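Sequences and hints are given; from them, build the entire structure.
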Amino acid sequence: MTITETEEHRPAEGDAAGPTPIKITVRRSRTDVAYRRIAWTAAASTFVILVLIGVFLYIRARPAFEYMGYWGFLKTQVWNVSGVHPSFGVGSALLGTLILAMISLVVAVPVSIACALFINEYAPRKILGFFPAKGLLTSMVDLMAAIPSVIYGLWGFFVLQNSMKGLSRWLSDYFGFIPGFKVNTPVYTSSLLIAGTLVGIMIMPIITALCREVFSLTPLGEREGAVALGASRARVIRDVVFPFSKGGMIGAIMLGLGRALGEAIAVSIIISLTFGPPNHLLQPGGNSIPALIADRFGSGGKLGAAGLLAAGLVLFFITLIVNLVAANIVRRQEKKRA
Amino acid sequence: MMTTSDVTTDARKVASSSAANLGEQPITAGELNATGVCAWFSGRLVLEDVDLFMERHAVTALIGPSGCGKSTFLRILNRMHETINGAQLAGTVELNGEDIYSPNQRATWVRRHIGMVFQRPNPFPAMSIEQNVLAGLRFNRIKTSSKADLVEEALTKAGLWTEVKDRLSNMGGALSGGQQQRLCIARALAVRPSVLLMDEPCSALDPASTLRIEETIADIKEEVTVVIVTHNMQQANRVSDNCAFFLSENGKPGHIVEVGSTVKMFSAPNDPRTLDYVNGRFG
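From first to last, the protein sequence lines are chains E and W. Last residue of the first sequence: 393 (our numbering), numbering continuous. Last residue of the second sequence: 378 (our numbering), numbering continuous.
Simulated from the structure, these hints should not be mistaken for laboratory data. A portion of the hints provided could be inaccurate.
Far from chain W, by Cβ distances over 10 Å, these chain E residues were calculated [what the hints assert, rightly or not]:
hint, residue
1, R115
2, V282
3, F299
A few chain W residues that don't get close to chain E, going by computed Cβ distances all over 12 Å [stated by the list, open to error]:
hint, residue
4, R206
5, S241
6, K242
7, E247
8, V259
9, A283
10, D301
11, S343
12, V352
13, F361
Across the chosen pairs, the derived CB separations fall in these ranges [stated by the list, open to error]:
hint, chain 1, residue 1, chain 2, residue 2, range
14, E, G221, W, S137, 44 to 54 Å
15, W, R262, E, R224, 54 to 64 Å
16, W, Y196, E, R293, 20 to 30 Å
17, E, A188, W, G131, 29 to 39 Å
18, E, L375, W, K242, 42 to 52 Å
19, E, P179, W, E310, 42 to 52 Å
20, E, G190, W, Q183, 14 to 24 Å
21, E, L375, W, T251, 27 to 37 Å
All of these numbers come straight from a predicted model, not from anything done at the bench. Each residue gets a CB set at the ideal place from its N, CA and C atoms; glycine is no exception.
Printed below as a string of structure tokens:
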């Protein structure tokens with residue numbers, strides 16, 4: 056064995072009178088050093104790529120920020136990149152993105168958690184006496200995640216859109232007093248609600264798969280402890296599975312949220328891009344940053360391109376923050392448990 | 096033999112009384128009678144034709160080498176066996192003459208009245224010590240006039256009260272292994288079960304904790320019938336009144352070789368295999 060690298064752990068400066076810890080020298084073999092360097096490089100590259108994307112977006116977006124000002128770009132709700140006096144910003148796209156993400160979570164979270172619980176806790180061993188229900192359902196959920204978003208978009212446009220008219224009308228008729236729910240001209244298609252529902256369906260598989268994974272990690276000892284005390288299955292879920300899975304569930308939802316924020320194709324197929332305050336959920340029109348980028352890409356000249364990259368930078372920051380917050384919540388939950 | 100309607104009304108009576116105040120309920124040890132019990136895992140017979148009567152106010156020890164079906168039998172006594180995928184069983188188990196596998200019987204009711212302590216301590220880590228003790232009441236929606244009294248009573252019986260009385264709101268998972276196991280015993284006793292099943296409760300513990308739990312078993316047997324699985328012959332000798340020796344020979348399913356009073360089983364058993372086993376000559 057050839058020793059090629061050494062590392063010293065120096066003891067802290069201690070009290071001279073007391074016992075002093077010895078120096079420990081770690082001597083590594085050549086293969087160990089090679090593995091360490093490869094792993095280190097791979098880990099560092101994810102960070103480097105992240106930073107490079109941020110830097111690239113910022114450099115290319117700067118003309119837009121310089122023209123509109125940072126705050127101006129964030130709050131301007133129109134997108135006129137050509138003409139004599141261009142004026143553009145992500146004001147309405149940003150709000151639209153957040154509204155879409157909220158709708159999609161409202162749709163996806165309850166269904167995903169219920170679905171994950173069914174697969175883990177309630178699914179029979181075999182269905183029709185032959186198919187293993189758990190495995191079949193799990194792979195179907197995974198398959199759902201594999202469907203390209205453009206297909207979801209088409210399905211949403213031709214199928215979901217029509218079948219949601221009734222719901223939209225009902226919401227408008229009975230909940231019209233809520234801001235954004237009143238529909239003045241009775242057209243219920245191409246709305247934020249439909250796009251949000253579609254995105255919700257698209258993020259269901261990832262949330263379901265992650266929640267199922269977390270639920271299945273619940274220690275058997277704790278489960279049996281509750282069952283042996285006379286707990287019903289619902290009790291076990293509420294008092295053992297959920298407390299154990301809290302952190303993982305939040306992580307799963309946040310990852311779903313990250314995807315919902317970035318969904319472009321399906322959203323731009325459904326909604327017809329409109330600018331101005333996104334103040335109606337049930338009638339045609341709306342906006343979102345990814346849909347805006349997909350829709351306006353390649354038009355609007357140099358300033359327009361910079362504007363789209365600036366919009367991309369805003370989205371990049373939002374998803375970065377969402378993921379950091381998610382990671383933080385998960386870590387805090389784990390710490391609390393340990 | 097009870098008719099179906101008798102069982103139903105009985106079950107209803109007990110169900111309604113469990114919703115009443117726990118303090119008013121008399122503490123009564125129950126008797127368990129298993130007849131013709133067989134068990135399968137994924138179609139493989141692991142336990143065959145076991146008859147065993149577990150006396151009121153007594154400690155029954157199930158002894159025998161690993162893999163002879165003791166734990167499986169124990170889990171059949173409070174319907175925990177059926178929670179395992181592919182597990183099946185035959186025979187009857189009666190608690191005070193009532194069939195716990197009757198179609199009218201709820202498994203949750205059975206488990207609330209026949210408690211269980213596991214090999215590895217399994218307190219609920221997200222709950223405090225106090226919440227752990229009261230978990231069974233919460234699960235079964237049982238009311239009690241004074242939670243504090245019940246917590247003290249259950250922890251005292253489990254021999255844990257003096258150690259934890261000043262930190263009842265601490266998390267249950269922060270206790271030592273031996274304390275965790277006594278917390279699990281307290282948790283099981285808090286719902287006032289008729290029978291307490293213990294599946295090698297000391298095998299993960301140090302000798303001092305083992306001694307404390309053996310003392311606890313001696314203290315509680317007046318109010319709850321105890322059935323304990325153990326691999327430790329001295330422990331079986333110390334804590335039990337009756338013993339059942341399980342054996343599975345040459346790949347055949349487990350069965351009971353001999354049942355008797357602990358004194359007789361350890362001094363002059365009828366079967367030579369029992370004598371060999373209790374003297375540590377095999378297993």
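(message) Tell me the hint numbers this structure goes against, listed in increasing order.
(response) Violated: hints 2, 3, 4, 9, 21.
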